[in-house]
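Given the structure of chain P, go ahead and fit chain S onto it with the hints provided.
One line per chain: the protein sequences are P and S, in this order.
Heads up, the first sequence stops at 1061 in this note's numbering, and the numbers go up one at a time, no gaps.
Heads up, the second sequence stops at 1061 in this note's numbering, and the numbers go up one at a time, no gaps.
No wet-lab data here; the hints were simulated from the structure.
The structure presented is a predicted model; accordingly, all values stated were derived computationally and were not measured.
Just to be clear, a hint being listed does not mean it is correct.
The list treats identical chains as interchangeable, and a pair is accepted whether it falls inside one copy or across any two copies.
Subject to a maximum C-alpha distance of 30 Å in a straight line, what follows is the list of computed DSS-like cross-link-like pairs (lysine-lysine) [unchecked claim]:
| hint | residue 1 | residue 2 |
| --- | --- | --- |
| 1 | Lys-732 | Lys-1012 |
| 2 | Lys-935 | Lys-898 |
| 3 | Lys-772 | Lys-732 |
| 4 | Lys-706 | Lys-676 |
| 5 | Lys-752 | Lys-676 |
| 6 | Lys-884 | Lys-732 |
| 7 | Lys-887 | Lys-680 |
| 8 | Lys-887 | Lys-1040 |
| 9 | Lys-752 | Lys-922 |
| 10 | Lys-1011 | Lys-922 |
| 11 | Lys-922 | Lys-676 |
| 12 | Lys-922 | Lys-935 |
| 13 | Lys-779 | Lys-732 |
| 14 | Lys-973 | Lys-887 |
| 15 | Lys-887 | Lys-706 |
| 16 | Lys-922 | Lys-898 |
| 17 | Lys-887 | Lys-732 |
| 18 | Lys-772 | Lys-752 |
| 19 | Lys-779 | Lys-935 |
| 20 | Lys-884 | Lys-772 |
| 21 | Lys-1017 | Lys-744 |
Number of protein chains: 2
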Amino acid sequence: MNIAVAQSGGPTCAINASLLGVIKEALKNPEIGVIYGSVNGIEGIINDRMIDLKSAIHTNEDMELLRQTPSTVLGSCRYKLPSLSENAEIYKTIADCFKKHDIRAFFYIGGNDSMDTVAKLSDYFAKTGDGIQVMGIPKTIDNDLCETDHTPGFGSAAKYVATSIQEITRDSSVYSIQSVTIIEVMGRHAGWLAASSCTLHANGETAPHLIYLPECEFDSERFLSDVAEQMKLHKAVIVVVSEGIKVEDDSCRSGKTDCFGHAYLSGVGKQLENLVGNRFGCKVRSIELNVMQRCSSHISSRTDIDESEQIGAAAVQAMLKGESGKMMRFRRILDMPYTVAIDPVDAHLVANNERFFPKKWINDKQNYVLDEAIPYFQPLMQGEQIIKMQNGLPVHYRLIGADSELVQK
Amino acid sequence: MNIAVAQSGGPTCAINASLLGVIKEALKNPEIGVIYGSVNGIEGIINDRMIDLKSAIHTNEDMELLRQTPSTVLGSCRYKLPSLSENAEIYKTIADCFKKHDIRAFFYIGGNDSMDTVAKLSDYFAKTGDGIQVMGIPKTIDNDLCETDHTPGFGSAAKYVATSIQEITRDSSVYSIQSVTIIEVMGRHAGWLAASSCTLHANGETAPHLIYLPECEFDSERFLSDVAEQMKLHKAVIVVVSEGIKVEDDSCRSGKTDCFGHAYLSGVGKQLENLVGNRFGCKVRSIELNVMQRCSSHISSRTDIDESEQIGAAAVQAMLKGESGKMMRFRRILDMPYTVAIDPVDAHLVANNERFFPKKWINDKQNYVLDEAIPYFQPLMQGEQIIKMQNGLPVHYRLIGADSELVQK
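Looking at chain P on its own, in the form it has when it is part of the complex:
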């Protein structure tokens, strides 16, 4: 039997480690023949664009470099598989590709959209009786997948975010004048990543002084009075905010256009910067951690990378035991010493669902994360990867044939 694996959705530091887990576990099992890597997620299956991964990745060094390379070496996609009733043809195309290459199992590494694909495809193959197994492997820096303690990629993103906020705190507090620094962190609906910055408090930092999450209602006046209160205590006030909070006066976002006629799409960081500057007239700066928070593998969490590889391997083991339509998930046994079990869960329960940051870990004023959350976050961020460097820069693995950097002729 042959198998196929694909990567989908937004990049993370850990998604290639999960790919490596699939490859290494498959190599251990002689019944598995070709390991196909599908280029650009499920699109590679639909367009029959695949790479033989056994011949592409074959030295230990290839594997080590793959582990430390951010983003997706196989490329990604944002393709939403239509339902069978909407488009039966596409299911036929996928089945034909699997048949043509004798692919008996498909592994999809991705977020809740990808788990929707896993659920739909496994339902389809259960109906057709083809016996093709479909397995999901989670990933997202947002940590918002249901049914799992956390998601691969999150720990590394949290480590980068907390490390950068600590460094920004040092940077922001050098002058003797009052200042406010607003750091905008990814998370449209779930505030896990912004919330994880609370771990700095366990290392003796007073920053961040305020944390705003999309799980709470945001009120500009209350925000300004929170800032005023912190300004009495700290010369350099550090505010962390999820990109997804809703600033009620969103005149900045609605209707206004810039000088080129484009909608004025300032992020919330910039909006809050304007609010603070307007009210207090003090030095204020907003900082967007942007895509660096999902791709800075040079400071990835070893726990995250190790676990991401393990969960990829576990998906292959589960498939060999006959599972299909499942996503592998982490079940936490203990915070300390940190212990997790990996087991399968129905992908339908994960598909198109979101898991939010628990209210019990947010303070009453809804502007701070309680210390009770620290034991949850801390183990996910611990441990450092030894990164192979060349000329002072990390070495990245690039897969010939899948590299989307060059225009296809």
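Same frame as chain P, now just chain S:
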């Protein structure tokens, strides 16, 4: 005799290493008594706010942590010392502070403004016959100080910038659609930091595909045709731009106000993003590396940190040999194996002067940095620091009494 040391200007990853160099060299010399740390640059001398560094920093671990802590543990200032004819009183205040504490030598770690202070103060003490020696120790991520091969702090900033651009390149190229990513790097007048991203080419990257520096005239139409050309070659075009380039159509910057009535201060990255989006309608994103490029000590260059410590020590040695009014500088002997000498140079030659990126290393089209520049940059970025971590995050050293994070009561 006692000595004093202060840190000034914008933070870097290496300025505390230079402070450590001063302290360690002073400790070796029994004739040096108290080592005063002046809080918030020269302002600490003026306001007589100083810390006894020998009693504050006394274990090897303190010193190791100081080396790995970004920004300035003594705080900083942007104070421009007036000329003697403008304000003789301030010189008297400084002299009184030195006299009161028996300070016979003052070390100022900073950029060209600080070297102006070094020049003025040493001229003053030469005239008064007080015999107080004043020495400058360079620092700036901009690498724009005259009379030195490079500046402490630059190598670490360049390492962060190149590492991040490589990771952003991976992140930007996962989808099968055409995209343009514009990365804005610090450098108002000199493009050294943006230019240093050319080192990625030595590691097999085609990115960055275009590099724009403030040393060249910028033309929007030419820029758009450069981008169009690169789009034919690369699916994910990566553009690096110094914040200081002048976009001739600066309607975005002049006059326009946002919805709060503030001037619309978009950076050049955002301006170029708008230009590209408007013309090509493709996916386009601009990323500001912001203060992270000057404070990300978790990926600092060991060469930079080692040299920064050495140049601090060399300033003490030069002072003991009788020098005053000098800045210590690096003189490069060899690119490979990388060899530098450290010697003193007249601070007047550095004060209020700027050193630009050489035209000989810019291509004819003025949109790229030639490979000939790589041997200059590469050694400055090489080598990694082993960072002491706690709970998955770097440990920072904080100096009690100088920490500006708390409001002074």
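Now the hints, each set against the structure:
In the homo-oligomer, the alpha carbons of Lys-732 and Lys-1012 never lie at most 30 Å apart, since the shortest distance is 34 Å inside one protomer and 51 Å across protomers. Taking the closest pair of Cα atoms, Lys-935 and Lys-898 come within 30 Å of each other both inside a single copy (24 Å) and across two copies (25 Å). For a Cα distance limit of 30 Å, the shortest separation of Lys-772 from Lys-732 inside one copy, 11 Å, qualifies, whereas the shortest one across copies, 67 Å, does not. Taking the shortest Cα distances, Lys-706 and Lys-676 sit within 30 Å of each other inside one copy (10 Å), while across copies they are farther apart (54 Å).
Taking the shortest alpha-carbon separations for Lys-752 and Lys-676, only the intra-copy value of 24 Å comes in at or below 30 Å, while the best inter-copy value is 70 Å. Within a single copy, Lys-884 and Lys-732 get their C-alpha atoms only as close as 50 Å, which misses the 30 Å cut-off; across copies the closest is 28 Å, which meets it. For the identical chains of this complex, Lys-887 and Lys-680 are neighbours neither inside a copy (58 Å) nor across copies (36 Å), given an alpha-carbon limit of 30 Å. With identical chains, the CA atoms of Lys-887 and Lys-1040 are at most 30 Å apart between copies only, with a shortest distance of 27 Å across copies and 40 Å within one.
With identical chains, the CA atoms of Lys-752 and Lys-922 are never at most 30 Å apart, being 52 Å at best within one copy and 47 Å at best between copies. For the homomeric pair Lys-1011 and Lys-922, the shortest alpha-carbon distance inside one copy (26 Å) is at most 30 Å, but the shortest distance between copies (36 Å) is not. When the C-alpha separation of Lys-922 and Lys-676 is checked against a cutoff of 30 Å, the pair qualifies neither within a copy, at 45 Å, nor between copies, at 43 Å. Taking the shortest alpha-carbon separations for Lys-922 and Lys-935, both the intra-copy value of 13 Å and the inter-copy value of 22 Å come in at or below 30 Å.
Taking identical chains as interchangeable, the C-alpha atoms of Lys-779 and Lys-732 lie at most 30 Å apart only when both belong to the same chain, with a minimum of 21 Å there against 78 Å between chains. In the homo-oligomer, the alpha carbons of Lys-973 and Lys-887 never lie at most 30 Å apart, since the shortest distance is 59 Å inside one protomer and 41 Å across protomers. In this assembly of identical chains, the alpha carbons of Lys-887 and Lys-706 lie at most 30 Å apart only when taken from different copies (27 Å versus 57 Å within one copy). Both within a single protomer and between protomers do Lys-922 and Lys-898 lie at most 30 Å apart by alpha-carbon distance, with minima of 13 Å and 23 Å respectively.
Proximity of Lys-887 to Lys-732 under the C-alpha cut-off of 30 Å is restricted to the inter-copy arrangement: shortest distance 22 Å between copies versus 48 Å within a copy. In this homomeric assembly, Lys-772 and Lys-752 come within 30 Å of each other (Cα to Cα) only inside a single copy, at 21 Å, whereas the closest approach across copies is 81 Å. In this assembly of identical chains, the alpha carbons of Lys-779 and Lys-935 never lie at most 30 Å apart, being 63 Å within a copy and 39 Å across copies at closest. For the identical chains of this complex, Lys-884 and Lys-772 are neighbours neither inside a copy (55 Å) nor across copies (37 Å), given an alpha-carbon limit of 30 Å.
Taking the shortest Cα distances, Lys-1017 and Lys-744 never come within 30 Å of each other, neither inside one copy (54 Å) nor across copies (51 Å).
Hint compliance for this structure: hints 1, 7, 9, 11, 14, 19, 20 and 21 are broken, all remaining hints hold.
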